[in-house]
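Colleague: Put chain B on the given structure of chain A with help from the hints.
Chain by chain, the residues:
2 protein chains.
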Amino acid sequence: MTTYQKILVAVDLSSESKLVLQKAQQIAGPGADLHVVYVQEPMDNVYVGIVPQSAAFSGLGDLEAQLGEELKEKLGALGKEFGLPSECLHILRGSPAHEIHRFAKEHASQLIVIGTHGQRGLQLLLGSTANSVLHGARCDVLSVRIGAAR
Amino acid sequence: MTTYQKILVAVDLSSESKLVLQKAQQIAGPGADLHVVYVQEPMDNVYVGIVPQSAAFSGLGDLEAQLGEELKEKLGALGKEFGLPSECLHILRGSPAHEIHRFAKEHASQLIVIGTHGQRGLQLLLGSTANSVLHGARCDVLSVRIGAAR
Numbered sequence: 329m330t331t332y333q334k335i336l337v338a339v340d341l342s343s344e345s346k347l348v349l350q351k352a353q354q355i356a357g358p359g360a361d362l363h364v365v366y367v368q369e370p371m372d373n374v375y376v377g378i379v380p381q382s383a384a385f386s387g388l389g390d391l392e393a394q395l396g397e398e399l400k401e402k403l404g405a406l407g408k409e410f411g412l413p414s415e416c417l418h419i420l421r422g423s424p425a426h427e428i429h430r431f432a433k434e435h436a437s438q439l440i441v442i443g444t445h446g447q448r449g450l451q452l453l454l455g456s457t458a459n460s461v462l463h464g465a466r467c468d469v470l471s472v473r474i475g476a477a478r
Numbered sequence: 329m330t331t332y333q334k335i336l337v338a339v340d341l342s343s344e345s346k347l348v349l350q351k352a353q354q355i356a357g358p359g360a361d362l363h364v365v366y367v368q369e370p371m372d373n374v375y376v377g378i379v380p381q382s383a384a385f386s387g388l389g390d391l392e393a394q395l396g397e398e399l400k401e402k403l404g405a406l407g408k409e410f411g412l413p414s415e416c417l418h419i420l421r422g423s424p425a426h427e428i429h430r431f432a433k434e435h436a437s438q439l440i441v442i443g444t445h446g447q448r449g450l451q452l453l454l455g456s457t458a459n460s461v462l463h464g465a466r467c468d469v470l471s472v473r474i475g476a477a478r
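Quick note, the sequences are listed as chains A and B, same order. Quick note, our numbering runs 328 ahead of the 1-based positions in the first sequence. Quick note, our numbering runs 328 ahead of the 1-based positions in the second sequence.
For the record, the hints were derived by calculation from the structure and aren't laboratory data. It is possible that some hints are incorrect.
[As the list claims (entries may be wrong)] Which residues of chain A face chain B? A few of them, derived with a C-beta cut under 7 Å, are:
#1 Q353
#2 Q354
#3 L395
#4 L462
#5 D468
#6 V469
#7 V472
#8 R473
[Said to hold, decoys possible] In silico negatives: residues of chain B with every beta carbon more than 10 Å from chain A:
#9 K351
#10 H363
#11 Q394
#12 L417
#13 R430
The C-beta atom is built at its ideal place from N, Cα and C for all residues, glycine as well.
So here's chain A without its partners, still in its complex pose (with noise of 0.2 Å):
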């Protein structure tokens, strides 16, 4: 029914990223090759250009790396509960739009599916990584609109 053999379901861990991932099976071919993943954005580069010379910055080395336990976990549980194996599973870390399309590019990704919420309050900001995606995105990208007013 599709083309769509390798897809690129980009989530951000919210109870939003099953829709995402639904939506993202209902689309893949049979035997579809299905890479979830998740970016982590370093700590510093999202409070660096607010505070650059504090000390609370010692501590944030620790802090990501049992951040990045707990993501691995949820991703992990997420993952079970669609059948996808582990290989199939990514913690990334750097600039979401940047990582994803790395990605998409070293594994020959044929469609990018990212969660989109309404460019409302604190929900602008994460409409906008769909938005970064799009940009410069060298395949296919399926935005799922995802909370309130669908």
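Modeller: Just chain B, lined up with the frame of chain A:
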């Protein structure tokens, strides 16, 4: 395989519209309701900002009507090629993103399929329609990558 039963395909009537329509048909569930939409942007919208008082505008009405006929023929030929009845082919007038959102809402579309070019030169302009459609869409959006550098 897929849950998309109501699909809006936005085309620009370039030769690449066939690729966009092909992808939409591959994703559509059996018996899905597939509408093809072309949005004709009023010429005065496009040019009035540049030469607001030009006498040339007096002839725009005829020109637009003639263009509208040609676009209708082109859309008809595309629909025939894909086995779509004429009631599923629509030429709308206005701002592309706005008209696409309005049509999608009125027809309770579950998926909007639109082509997107790379972000280079003239293609930047075309690519930005996909971007505007993604913003504010109340349903899923499949952006089909067309042109070079796939």
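Colleague: Taking the hints in turn, state whether each one holds.
Modeller: Against the structure, the hints come out as follows:
1. With a cut of 7 Å, the hint placing Q353 of chain A at the interface with chain B is violated, because the nearest CB-to-CB distance is about 9 Å.
2. Below 7 Å, beta-carbon pairs count as interface contacts, and Q354 of chain A has one with chain B at about 5 Å; its hint therefore holds.
3. With 7 Å as the threshold, the beta carbon of L395 of chain A stays out of range of chain B, its nearest partner Cβ sitting at about 30 Å, so the hint is violated.
4. Using the Cβ-Cβ criterion of 7 Å, the hint placing L462 of chain A at the interface with chain B is satisfied: the shortest such distance is roughly 6 Å.
5. Hint status for D468 of chain A: holds, given a least beta-carbon distance of 5 Å to chain B, under 7 Å.
6. With a cut of 7 Å, the hint placing V469 of chain A at the interface with chain B holds, because the nearest CB-to-CB distance is about 5 Å.
7. Below 7 Å, beta-carbon pairs count as interface contacts, and V472 of chain A has one with chain B at about 5 Å; its hint therefore holds.
8. A hinted interface residue such as R473 of chain A counts as satisfied when its beta carbon comes closer than 7 Å to some beta carbon of chain B; here the least separation is about 5 Å, so the hint holds.
9. The Cβ of K351 of chain B sits about 7 Å from the closest Cβ of chain A, inside the 10 Å cut-off, so the non-interface label is violated.
10. Remark: the non-interface label on H363 of chain B is consistent with the geometry, its nearest Cβ contact in chain A lying 18 Å away (cut-off 10 Å).
11. No Cβ of chain A approaches the Cβ of Q394 of chain B within 10 Å, the least distance being about 35 Å, so the stated non-interface status holds.
12. At roughly 23 Å from the closest C-beta of chain A, the C-beta of L417 of chain B stays outside 10 Å, upholding its exclusion from the interface.
13. At the 10 Å boundary, the C-beta of R430 of chain B stays outside the reach of chain A, the nearest C-beta of that chain being 15 Å off.
Hint compliance for this structure: hints 1, 3, 9 are not met, and every other hint is.
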